[in-house]
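Student: Each chain is listed here by its residues.
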Amino acid sequence: MPVYYLEIIVVALGLLMLMIDAFVKLEDKRVIAWIGMLGLAVVFVLLFRVEWPESTDGAFWQFYSSGDQMALYFKGIAVLTTLIVLIMAADLSPLVVEQTASPAPGAHRQAGLGEFFALPMFTCAGLMWMASANNLVSIFVSLELVTVSFYIMVAYLRRNVGSLEAGVKYLILGALSTGFLVYGFAWLFGITGSMDLGEIAAALAAPDMNPTAALFSFALILVAVAFKVGAVPFHFWIPDVYQGAPTPITAFLSVGSKAAGFIVFLRLAQPFLSSGALAEKVTLVLGALAALTLIVGNLTALPQKNFKRLLAYSGIAHSGFLLMALASAPTAATANALTPATVIAFYLGAYLLMTLLAFLVMSTMRQRVVSEDIDAYRGLFKSSPFLAVTLLIAMASLAGIPLTAGFFGKFFVFKLAVEQEQWFLIVVGLVGAAAGFYYYLKVAASMFLEDPKASAGGDLAVPIGAVTRIAMILLIIAIFAAGVYPNLILGLLR
Amino acid sequence: MSLIEIIVLLPLLAALTIALGAPARLTALGSSVVVLVLSLFAALNFRFQVEGAFQFESSRSLIDAAGMPEISLAFGLDGISLVLLLLSAIVLVAAVLVSPRENAIVGSSRLYYLSLLLIGGGAIGAFCSTDLFFLYAFHELALIPTFLMIGLFGRGENRVRTAWTVTIYLSIGSLVLLVGLLMAVVALGGSTFAIADLAALARSPETGIAAERQTWIFFLLLVGFGILVSLFPFHGWAAPAYSDAPIPVAMLHAGVLKKFGVYGLIRIALPFAPAGAEALLNLVLVLLLGNIIYLGLVTVAQKRLDRMLGYSSVMHMGYIFLGIAAGNKLGLAGAVLLMFAHGISIALLFALAGSIRERFGTLEFAKLGGLAANAPRLGLLFGFAAFAAAGLPGFANFAAEINVFFGGFADAEGSLGWLQWTTIIALWGVVISAVYMLRAYRSIFYGPAPAKLQSKADLAWPAALPVLILLVALISVGFVPELLNQYIRHALDGFFLVTPG
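Read top to bottom, the protein sequences are chains P and D.
Going by the numbering used here, the residue at position 437 of the first sequence is 437; the numbering climbs one at a time, nothing skipped.
Going by the numbering used here, the residue at position 149 of the second sequence is 149; the numbering climbs one at a time, nothing skipped.
Next up, chain P with everything else stripped away, as it sits in the complex:
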């Protein structure tokens, strides 16, 4: 089966879910989510069975990179993320219904829930296409497909002021960054006369290229992409949007959107990094961006009291480590050296496992505990040891404790940086990682070392749905397995 069928299947699945929502009388609309999960699970299996089309020359699929294992890997990340997002969305459906149900008499009890399950499917298709995009046009279109569907999902809880505020912020800043992206693309096209990334790379490497104009276009593109991945100083939307958006959507933003953002970043930066005249300056800018992101992300995370905001800043901090890998791109090909692409791909795979695990615990907690403060998790170990241990594992992996997947991610980043002798970034990265130990363990300390808060009310013994529990256990196993045997993830990249 040709690889591009996958996106078509996912879109068709999304359309099917919308049709079911509109035309089939369902007592419980969570059935739609289950259909989506099932479909995505099938797509995930199909990922291992696809083949690449013979030739893409001249066909519509010229916008689609071929024979590219990395693209397949990122498609897998997108599918897996969407699958877990749907699990969370199904868990949290009572909350969504509360905020969206129609007050009109005779309306369906769960009116407005169906789209909440169908929209992620379109985002997923966009993310998958983004992974394969090798052309400025296809990059832009897929990016917009993702962004526009996020505009809706972030503001989905329409009776919740926080969600609306997040939606507006995301819309305005997102639109602005899109503007930068298009402007940058226009310059790039003007300099190189091509939309194809391969031809652009060749044109940028040519001796008669205008470096000033090229750097200008790079700067414009950088602004837009840095916004998507949440690099400082384009990160201001992240904490507010993460906090306001529905929890499953926050998870989607922080994993799916970031992963896709980074593969686009990699693809767009590659022509600049491989151009002799530009590489040094581009690396410098990327290094500065990485250092800023590491410092601000990690240090601002320290005093956070809200768990969602903590995860938002932690997401920024992780972007910093990923940028550190990108900024350590080898200028000359050396044997045995790591490449930023592999390191980033591995890091994002590990990041997916641990961040989604944390969000799964959080969305489970959210069903019982209204507050999202870290304080609300006090004494969790006494009332639900399973959730507490699960979250502890997620935090340990995020902090980068060895023998978890998160450690290998950081380990490769640091090794790459040492190979490229980026001493300044290494020092900043060390400070960041040390701060990380503190703020991730703060959550653990609250769960294990403190007594339950009297005022939190309610019983902290949270029921966990069967699917959610299975997903958690699988993620835990994957975190440890990849933490001891990184080939588990690296093998997918070959």
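Please keep in mind that the hints were generated in silico from the structure rather than gathered at the bench.
A portion of the hints provided could be inaccurate.
[Stated by the list, open to error] Computed spacing ranges between beta-carbons, pair by pair:
| no. | chain 1 | residue 1 | chain 2 | residue 2 | range |
| --- | --- | --- | --- | --- | --- |
| 1 | D | Gly30 | P | Leu302 | 37 to 45 Å |
| 2 | P | Lys281 | D | Val50 | 53 to 61 Å |
| 3 | P | Gly198 | D | Ile6 | 51 to 59 Å |
| 4 | D | Pro233 | P | Phe386 | 38 to 46 Å |
| 5 | D | Leu20 | P | Gly465 | 17 to 25 Å |
| 6 | P | Lys281 | D | Asn282 | 41 to 49 Å |
| 7 | P | Gly465 | D | Pro233 | 50 to 58 Å |
| 8 | P | Arg159 | D | Ile6 | 58 to 66 Å |
| 9 | P | Lys281 | D | Ala301 | 56 to 64 Å |
| 10 | D | Ala366 | P | Ile477 | 48 to 56 Å |
| 11 | P | Gly465 | D | Ile6 | 36 to 44 Å |
| 12 | P | Leu26 | D | Leu16 | 40 to 48 Å |
| 13 | D | Arg155 | P | Gly465 | 34 to 42 Å |
| 14 | P | Gly190 | D | Pro233 | 58 to 66 Å |
[Claimed, not checked] If you want the footprint, here are the derived chain P segments under chain D, 3+ residues with CB under 8 Å:
| no. | segment |
| --- | --- |
| 15 | 405-417 |
| 16 | 485-492 |
All C-beta atoms in this analysis are idealised placements derived from N, C-alpha and C, irrespective of residue type, glycine included.
Based on the hints, put chain D in the right spot on chain P.
Tutor: Just chain D now, kept in the frame of chain P:
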């Protein structure tokens, strides 16, 4: 599965089964006894006639991708790691025996035993790894269990604060260490993490690390390992950690885990960056005098037994560093033997301090006294332990320290260098440790008993079992140091290094 793989994985598997519901104390005790038996079995089957560093080797490649370094789950033993494996196994058994029974633990007894096994298993894994990656990773395994043990089951009002201090110190130490290790690996080609291969690369003049880079690498490794081993001035975490931690954790940490730092210096830093070691020798000498003299005096000033023991354990690290600084076979052999001796004796002292607190409710010297009258057994055992720690002949500590001091002078030809002067000053540390140990002994076991102190029962023999295990190990090595020296010598013959100075 090779023998060493079983030894390393057993505590971790036991921890997993405890998490899944197996009876905690029984599983922990069973697995740690099996580990001890298997380690003794490994020691008996050690082949002295075989050249080469590691025995009982096993290796499983974990990364198999272009451009990626080779990392494998590789274990093996040479004489040094064998001695430390024995130390870990003995102390782990004693620590599990000393732990309270399940119903006496406030909170989750499962978490208690599980953490204990992870701390012990991490140390064992680190000592048995022949792959740099896992040497580092296994040591880190103890980080979160230690945090939870001190914070949840520790003593005193400051325990959460202490848990934080320890964790932050150790995590910063290990991050610095990570960078140092990566720099060394990258400077040696960056394609393998196998310690033996790296050491071979470092030894050959073509592939060895440039001298200037070696200084940096050694410096980072010294700081990183130094924090883990509470080298002056990075010792701030150690004493409060040991006094606030539950007794078994203090035993494992002070006795075993801390030795990882010194082990790393001997195993990694010296062979990889010998020129760096030489360049920074004087710095090391100053720092180790800080440990011996300054922290020795701090130890004398302590008013509580657990704090005093914590500081004394920090102080004794100075001697191990002195043995390493000497850099010759004698000094290094002494350092390794001292790691064993100190590990056992400090675990013994902490175990006894635990019994004293359990019986009399306090460890403050001012509130204790005259215990020998109604707890003679406790007094006798504590006396042995205190004499051992002070370095009296007949205990392993003496055999080790004498080697260290001779090592300091072994290379002196007529004139006294920095190293020899340092050794002469460090000798005064022996007086200092005799002062505080004897003072502690006197004020706890002799003199008038404070009126409030209720007389309690003496140590029963079954409860003394862990103490006796430790004491037997200490005395037998003390009288026959050759028991361990044969292994250590074999290892040092394997990799010898540039003599500094």
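Student: If you check each hint against the structure, which ones fail?
Tutor: No numbers; nothing is violated.
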